[in-house]
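Engineer: What follows is the residue order along each chain.
Protein chains: 2
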Amino acid sequence: MRIVQKFGGTSVGSLERIRKTADIVESSLQEGDEIIVVVSAMSGETNRLINMAREMDANAQPREVDALVATGEQVTAALLAIELRRRGIKACSFSGAQAGFQTRGNHAKARISNIESRHLTKRLKQGDVPVVAGFQGVDESGNITTLGRGGSDTSAVALAIAIKADRCDIYTDVDGIYSTDPRIVSNASKIDRISYEEMLEFASLGAKVLQTRSVELAMRYKMPIHLRSSFEPVEGTLVMEEDETMERETITGVAYNRDEAKVTILGIPDHPGIAANVFGPVAHAEINVDVIVQNVSEKGFTDITFTVPRSDYAATIALLETTREKMQARDVLGDNTVAKVSIIGVGMRSHTGVARKMFEVLAKESINIQMITTSEIKVTVVIEEQYVDQAVQSLHREFGLDQPET
Amino acid sequence: MRIVQKFGGTSVGSLERIRKTADIVESSLQEGDEIIVVVSAMSGETNRLINMAREMDANAQPREVDALVATGEQVTAALLAIELRRRGIKACSFSGAQAGFQTRGNHAKARISNIESRHLTKRLKQGDVPVVAGFQGVDESGNITTLGRGGSDTSAVALAIAIKADRCDIYTDVDGIYSTDPRIVSNASKIDRISYEEMLEFASLGAKVLQTRSVELAMRYKMPIHLRSSFEPVEGTLVMEEDETMERETITGVAYNRDEAKVTILGIPDHPGIAANVFGPVAHAEINVDVIVQNVSEKGFTDITFTVPRSDYAATIALLETTREKMQARDVLGDNTVAKVSIIGVGMRSHTGVARKMFEVLAKESINIQMITTSEIKVTVVIEEQYVDQAVQSLHREFGLDQPET
Numbered sequence: 001m002r003i004v005q006k007f008g009g010t011s012v013g014s015l016e017r018i019r020k021t022a023d024i025v026e027s028s029l030q031e032g033d034e035i036i037v038v039v040s041a042m043s044g045e046t047n048r049l050i051n052m053a054r055e056m057d058a059n060a061q062p063r064e065v066d067a068l069v070a071t072g073e074q075v076t077a078a079l080l081a082i083e084l085r086r087r088g089i090k091a092c093s094f095s096g097a098q099a100g101f102q103t104r105g106n107h108a109k110a111r112i113s114n115i116e117s118r119h120l121t122k123r124l125k126q127g128d129v130p131v132v133a134g135f136q137g138v139d140e141s142g143n144i145t146t147l148g149r150g151g152s153d154t155s156a157v158a159l160a161i162a163i164k165a166d167r168c169d170i171y172t173d174v175d176g177i178y179s180t181d182p183r184i185v186s187n188a189s190k191i192d193r194i195s196y197e198e199m200l201e202f203a204s205l206g207a208k209v210l211q212t213r214s215v216e217l218a219m220r221y222k223m224p225i226h227l228r229s230s231f232e233p234v235e236g237t238l239v240m241e242e243d244e245t246m247e248r249e250t251i252t253g254v255a256y257n258r259d260e261a262k263v264t265i266l267g268i269p270d271h272p273g274i275a276a277n278v279f280g281p282v283a284h285a286e287i288n289v290d291v292i293v294q295n296v297s298e299k300g301f302t303d304i305t306f307t308v309p310r311s312d313y314a315a316t317i318a319l320l321e322t323t324r325e326k327m328q329a330r331d332v333l334g335d336n337t338v339a340k341v342s343i344i345g346v347g348m349r350s351h352t353g354v355a356r357k358m359f360e361v362l363a364k365e366s367i368n369i370q371m372i373t374t375s376e377i378k379v380t381v382v383i384e385e386q387y388v389d390q391a392v393q394s395l396h397r398e399f400g401l402d403q404p405e406t
Numbered sequence: 001m002r003i004v005q006k007f008g009g010t011s012v013g014s015l016e017r018i019r020k021t022a023d024i025v026e027s028s029l030q031e032g033d034e035i036i037v038v039v040s041a042m043s044g045e046t047n048r049l050i051n052m053a054r055e056m057d058a059n060a061q062p063r064e065v066d067a068l069v070a071t072g073e074q075v076t077a078a079l080l081a082i083e084l085r086r087r088g089i090k091a092c093s094f095s096g097a098q099a100g101f102q103t104r105g106n107h108a109k110a111r112i113s114n115i116e117s118r119h120l121t122k123r124l125k126q127g128d129v130p131v132v133a134g135f136q137g138v139d140e141s142g143n144i145t146t147l148g149r150g151g152s153d154t155s156a157v158a159l160a161i162a163i164k165a166d167r168c169d170i171y172t173d174v175d176g177i178y179s180t181d182p183r184i185v186s187n188a189s190k191i192d193r194i195s196y197e198e199m200l201e202f203a204s205l206g207a208k209v210l211q212t213r214s215v216e217l218a219m220r221y222k223m224p225i226h227l228r229s230s231f232e233p234v235e236g237t238l239v240m241e242e243d244e245t246m247e248r249e250t251i252t253g254v255a256y257n258r259d260e261a262k263v264t265i266l267g268i269p270d271h272p273g274i275a276a277n278v279f280g281p282v283a284h285a286e287i288n289v290d291v292i293v294q295n296v297s298e299k300g301f302t303d304i305t306f307t308v309p310r311s312d313y314a315a316t317i318a319l320l321e322t323t324r325e326k327m328q329a330r331d332v333l334g335d336n337t338v339a340k341v342s343i344i345g346v347g348m349r350s351h352t353g354v355a356r357k358m359f360e361v362l363a364k365e366s367i368n369i370q371m372i373t374t375s376e377i378k379v380t381v382v383i384e385e386q387y388v389d390q391a392v393q394s395l396h397r398e399f400g401l402d403q404p405e406t
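First to last, the protein sequences are chains A and B. Residue 235 in the numbering used here sits at position 235 of the first sequence; the count goes up by one each step and never skips. Residue 121 in the numbering used here sits at position 121 of the second sequence; the count goes up by one each step and never skips.
Keep in mind the hints are simulated off the structure, nothing from the lab. In this text the structure is predicted, and so the values were computed from the model without any measurement. A few of these clues could be false.
What the hints assert, rightly or not - To list a few chain B residues with every Cβ distance to chain A over 10 Å, as calculated: (1) Asn-47; (2) Thr-264; (3) Gln-328; (4) Val-332.
As the list claims (entries may be wrong) - Straight-line C-alpha distance at most 25 Å; calculated PhoX-like pairs for lysine-lysine: (5) A:Lys-109 x B:Lys-90; (6) A:Lys-164 x A:Lys-222; (7) A:Lys-90 x B:Lys-109.
The beta-carbon is built from N, C-alpha and C at its ideal position, and this holds for glycine as well.
Could you build all of it, start to finish, from the sequences and the hints given here?
Structural biologist: Below, the structure is given as structure tokens:
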């Protein structure tokens with residue numbers, strides 16, 4: 001099999017960890033697999049570099065910050081190649097530019113536009129093991145770019161697609177996706193297989209193990225991702241196309257995100273284009289709006305409520321104060337102590353009454369639901385942050401996800 | 001004027017030092033000069049990276065060590081560009097590859113074959129200030145290469161030639177070339193102007209302020225080098241074509257090198273090809289032979305004595321022991337406590353008796369001369385290391401180089 005193996009920051013966080021990573025690569029090669037490695041910077045290194053840039057200039061130019069930060073992954077790639085060579089493996093390190101990663105868009109948030117992979121493919125055919133610096137590429141003008149935090153996952157998946165790999169293995173410090181956060185529910189269970197759609201819902205809800213863009217990309221090209229631990233040699237979670245081999249529980253997991261704030265605009269004249277008036281300036285300010293709910297409240301007037309990340313709360317409120325007059329809104333209210341709780345599962349498609357059951361469970365716990373939004377495979381509610389643990393625990397139990405006590 | 005400014009490791013050794021470097025660049029721009037900057041890695045950084053590589057594998061593959069080490073200069077270039085941008089200067093960092101440095105030859109010892117400088121020239125015309133990572137390039141296969149220790153000087157001079165600069169300013173932690181080592185002769189005097197040929201003799205004798213290759217390159221293309229301090233705003237030493245404006249003292253300076261060892265091969269049959277038999281294997285082992293003296297000692301037999309760096313002494317002796325039989329030599333002797341002392345000066349060309357005077361001075365000091373070698377502008381003697389200070393002091397004084405006491 002041809003496999004892209006991606007190792008995150010903690011998996012290459014020290015020379016000792018890089019040696020362990022080399023163990024994994026070596027044993028995969030011994031099994032006859034063709035391996036391309038993608039690495040992150042050693043944990044802490046990206047922050048060290050960014051802090052130097054900030055100490056120099058709090059508003060350091062993004063082009064230069066990218067050039068600076070990109071060295072982090074190059075260092076890891078070279079060190080891992082050195083260790084593999086020591087073992088007699090024909091490894092070669094490549095920067096993103098050398099590996100053919102072409103990007104477009106802004107510095108620090110670039111997107112991969114193309115991977116000119118002929119060079120790497122040639123190396124693979126010669127029996128070499130390319131070790132590629134993740135998270136980076138070059139734009140059409142030859143400037144070094146980075147893909148934004150977590151972008152190494154996307155590098156790995158994009159590369160796997162470009163070189164027609166059979167699978168992309170993403171090694172990290174967790175051993176898979178769990179039915180919910182084990183810190184909240186001690187008998188949460190590891191999910192063996194999960195569909196891309198479900199993984200996307202988990203990722204967008206703050207399960208930080210896989211970058212959303214990498215999952216979207218894998219889904220589009222049907223590239224299986226094996227999410228696994230570089231610390232323990234156990235099977236992880238396989239992210240793949242939904243198929244009949246997947247267990248069809250009603251729901252797959254319960255997710256939550258505490259990083260939520262809620263903003264309500266009261267009494268806007270209800271006519272076409274009002275949403276554009278509200279969300280145009282918000283989008284322009286690069287604030288990510290998540291859940292949006294609109295109700296007709298009085299004759300000819302409407303209320304709009306939406307959630308944003310807490311870090312954007314103050315900016316959002318300030319922005320809406322300046323646009324309130326133009327929106328002809330009566331008032332702007334906010335609350336930055338809310339959280340989202342979601343149940344996720346492709347099983348919902350064939351089971352009825354899942355949302356109703358969720359509301360019943362929360363009602364029984366006397367947890368007030370402030371907003372509701374649903375998708376085909378997810379039901380999300382916004383609640384007071386203080387009830388998150390209680391909500392997650394009761395939902396996990398009532399939907400039958402608790403592992404039997406052993 | 002169009003000037004390449006090169007800053008060495010100590011000149012960019014901390015964020016504070018990088019700010020001082022930005023001061024120098026900024027004031028040059030204010031004088032209306034067009035500036036391209038070349039930087040070394042922050043002092044200590046190259047060693048930090050090499051130590052990581054060695055800790056991984058004492059014989060780490062050179063290709064990977066180059067890729068690793070090259071990040072050091074990239075970091076400095078980005079940080080300096082960030083600081084210049086903060087001051088409103090349109091600076092842009094470039095890796096060696098981005099700046100168009102093409103190399104050939106071995107990793108860690110690559111030579112610049114070409115600089116594809118159109119990109120940088122275009123930037124200059126736009127009023128940008130390119131900040132280039134020195135010491136590095138890419139070979140014909142796209143591998144990152146480094147030029148070897150001190151290679152940033154060569155990067156700077158080569159770039160100055162490629163972009164037709166008027167001058168190459170090399171900023172370092174000394175403020176110029178002195179008539180001898182001020183640690184040995186307290187009233188040594190700074191040399192205002194020195195010819196390339198003299199500078200080469202100083203450099204090859206261990207004056208580590210300028211890499212020999214950079215001076216050779218500057219000489220071939222008549223590129224003036226201003227060697228100066230980034231710590232003190234004083235004039236340094238201008239290295240340039242010999243011309244009538246230079247003072248014509250008999251000698252320009254006294255240099256020495258303690259890092260010498262002497263090897264003598266006794267009683268080799270004296271026939272053509274013997275030197276090749278001796279020095280072929282030595283060169284093959286990449287040992288740099290310096291002074292060579294050959295005498296006819298007995299009828300049909302000859303002795304050969306040569307010097308090598310002390311670090312190569314043991315290897316040289318061991319090598320000659322294995323080839324002694326083939327050379328039909330009677331014996332191999334060695335001494336690793338010798339040193340070289342040289343007097344240097346273009347003035348020798350028009351002054352007679354310079355060598356004789358040197359021998360007289362040393363004789364008066366009762367210092368025994370073991371080997372002598374001369375060039376058009378240099379006389380070198382090999383003596384016991386313990387007499388170096390005494391020899392340098394007396395020569396400096398007797399050739400009238402001591403500064404008048406103030």
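Engineer: Confirm or reject: Val-332 of chain B is not an interface residue toward chain A, with every Cβ-Cβ distance exceeding 10 Å.
Structural biologist: At about 36 Å from chain A, Val-332 of chain B clears the 10 Å cut-off, so the statement holds.
Engineer: Measuring Cβ to Cβ, find out whether Asn-47 of chain B lies farther than 10 Å from everything in chain A.
Structural biologist: Non-interface label stands for Asn-47 of chain B: nearest chain A Cβ at 14 Å, farther than 10 Å.
Engineer: Hey, is Thr-264 of chain B genuinely clear of chain A, shortest beta carbon separation above 10 Å?
Structural biologist: Label holds. Min Cβ-Cβ 40 Å, cutoff 10 Å.
Engineer: Regarding the pair Lys-164 of chain A and Lys-222 of chain A, is the alpha-carbon distance no greater than 25 Å?
Structural biologist: holds (11 Å)
Engineer: Is Lys-109 of chain A close enough to Lys-90 of chain B, meaning Cα to Cα at most 25 Å?
Structural biologist: holds (22 Å)
Engineer: Decide if the proposed pair is consistent with the structure: Lys-90 of chain A and Lys-109 of chain B, CA atoms, cutoff 25 Å inclusive.
Structural biologist: holds (22 Å)
Engineer: So Gln-328 of chain B supposedly isn't at the interface. Is its beta-carbon more than 10 Å from every beta-carbon in chain A?
Structural biologist: holds (42 Å)
In this structure, none of the earlier numbered hints is contradicted; all agree with it.
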